[in-house]
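What follows is each chain in one-letter form.
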Amino acid sequence: MAFINLTNLTYKYPLTETPVLQNINLQINEGEFVAVVGPNGAGKSTLCYTLAGFVPHFFKGELTGSVEVAGASLLESTLDEWVLNVGLAFQNPFNQISGAKYSVFEEIAFGLENIGIPREEIKVRVEEAMVRTGIRELADRSPYSLSGGQQQRVALTSILVMKPKLLVLDEPTSQMDPIGTREVFGVIRKMAEEGMTVVLVEHKVEWIANFADRVVALKGGEILLEGKPNEVLTSELLSENGFGISRYTSAAREAQKRGLWKKKQLPVTLDEAVEGFKS
Amino acid sequence: MNIEIKGLRFTYPTGLEALKGINLTIQSGEQVAIVGQNGAGKTTLVRHFNGLLKPTSGSIFIGDWETTQFSVAKLASRVGYVFQNPDDQLFSRDVLSEITFGPRNLGYAKEKVDELVQRALTLTELSDKTETNPYDLSPTWRKMIALASIIAMDTPIVIFDEPTTGQDAVNVARIANVIAELKREGKTVITITHDIDFCAENFERVIALSNGQVLLDGPAREVLGQEEILAQTYVDPPQLTRLGKRLGLKETVTRQEEFLQALK
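Order-wise, the sequence lines are chains A and B. Read left to right, the first sequence gives residues -1 to 277 (our numbering). Read left to right, the second sequence gives residues 995 to 1258 (our numbering).
Derived by calculation from the structure, the hints in this document are not laboratory data. The beta carbon of each residue, even a glycine, is placed where N, CA and C say it ideally should be. Among the hints, erroneous ones may be present.
Stated by the list, open to error - Some chain A residues near chain B, calculated using beta-carbon distances under 10 angstroms:
no., residue
1, R139
2, E169
3, D211
4, S244
5, A249
Claimed, not checked - Stretch by stretch, here's where chain A covers chain B in the computed footprint (C-beta under 8 angstroms, at least three residues):
no., segment
6, 1120 to 1134
7, 1147 to 1161
8, 1197 to 1204
9, 1232 to 1241
To be verified - DEER-style ranges, computed between Cβ atoms:
no., chain 1, residue 1, chain 2, residue 2, range
10, A, E15, B, Q1207, 52 to 58 angstroms
11, A, T8, B, P1213, 50 to 56 angstroms
12, A, G114, B, G1015, 46 to 52 angstroms
Extracted from the complex, chain A is given alone in its bound form (with noise of 0.2 angstroms):
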């Protein structure tokens, strides 16, 4: 059996008409890396939330239809139960951000002493997460003195310290310059490598297909396309449906029109546009 399980699943925010999300039906296995696009309003954000318990738990509304996670059903669990399974780094960093914490140690800190997990345990385990998305010496920093990209990989280092089985991430490279987005695609990927499920939202399509297993492209609450990266990111019902979509997509498609591009598959990455122009 999948990972997730999203079967018939519908949902309304409270005083609303419009369902949000209409009739999803999706499985992912664990360990997989899968990546949502979706335009502005395709309700990303809210799978995200749904994925993450507080959509109904917290935000209330109908839902109907089932999401199961860890062979645990979200309408059966608390949200206590369901966040020890599930992490989420928010879009913007400074809604995750505690408040109540005076360093980024504290701040990534806060969450395990939640749960009561023992004070040398909790050193090394931030030692080791903050190591791992590079942010070692923001340690003694104040949270709120940092850059938004800095703040983003603080927030994505609380969620990870949890080692949480799902995680789930909001773009979280949207403030980040590049090299910032390639080391935290290149830690999620990892971790998705050692077992940990993944579901990202993200605009950057050439990081998607670089690093993610499956596409998932959302509109209008609904599934448009899904499949493998270049399939999904090359398809011509994305521009059509005002999905964002890579140059090197849209220079090869117009190439094609003029007898400069001769392959069939369009790409998505720099080396698959290398490829085929070359050949």
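For this one, chain A is given, so just place chain B on it according to the hints.
Here is chain B on its own, set in the frame of chain A:
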């Protein structure tokens, strides 16, 4: 209205020296992108333009005004600043009052305020949302409200701090439209961005900052082609520039049509 920056240094109260001697002139009507790694000093630099920060040493002139001699409120008539995070900026109960606040505060006549507000609403496609509370809208739309509320102030200089963060393709195109329109009106537009493809497609001049100093400054094509120097400040050239290099094209290309022409 030119921006003149001479020997600008800035040290935060924590002791962190964020700007280490910046000299720049930005001419009236230029479209400038500022790029560079997290912590390079981009936001610190632009916050000097509207007086939110005052130099530790050196000077900044906005036209004939030295920023240290004028209040932030006064400088707001010359420099509009759209924050990176719209939630740092928005405070009104509905979209219309949010956007009306700025121009009214600058003391324009009522007719002019109405005209500026309508123009900002049209440009940002917010005309059907005037009565909505900004916090009932998605972060995407809040970003557009933040943008509209600054454009409505009709300042000769407009600064955008990471305008495309978290925006989808449709909204990025909308923001590009706003920038093009401001250019037609002869405004100076200064934008901080990590979105280097957006930078290549919408800006004529690019300034790369690194570690509180200017690393590169010049026409977009020249700056964005310097792969090795840009790497020092963690900036990758645009996708098509990298592709052009890998394919051995002689000219540096930054945009699709240039790339396709060079390919022939």
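*Looking back at the numbered hints, which does the structure fail to meet, lowest number first?*
Hint check: 3, 8 fail, others pass.
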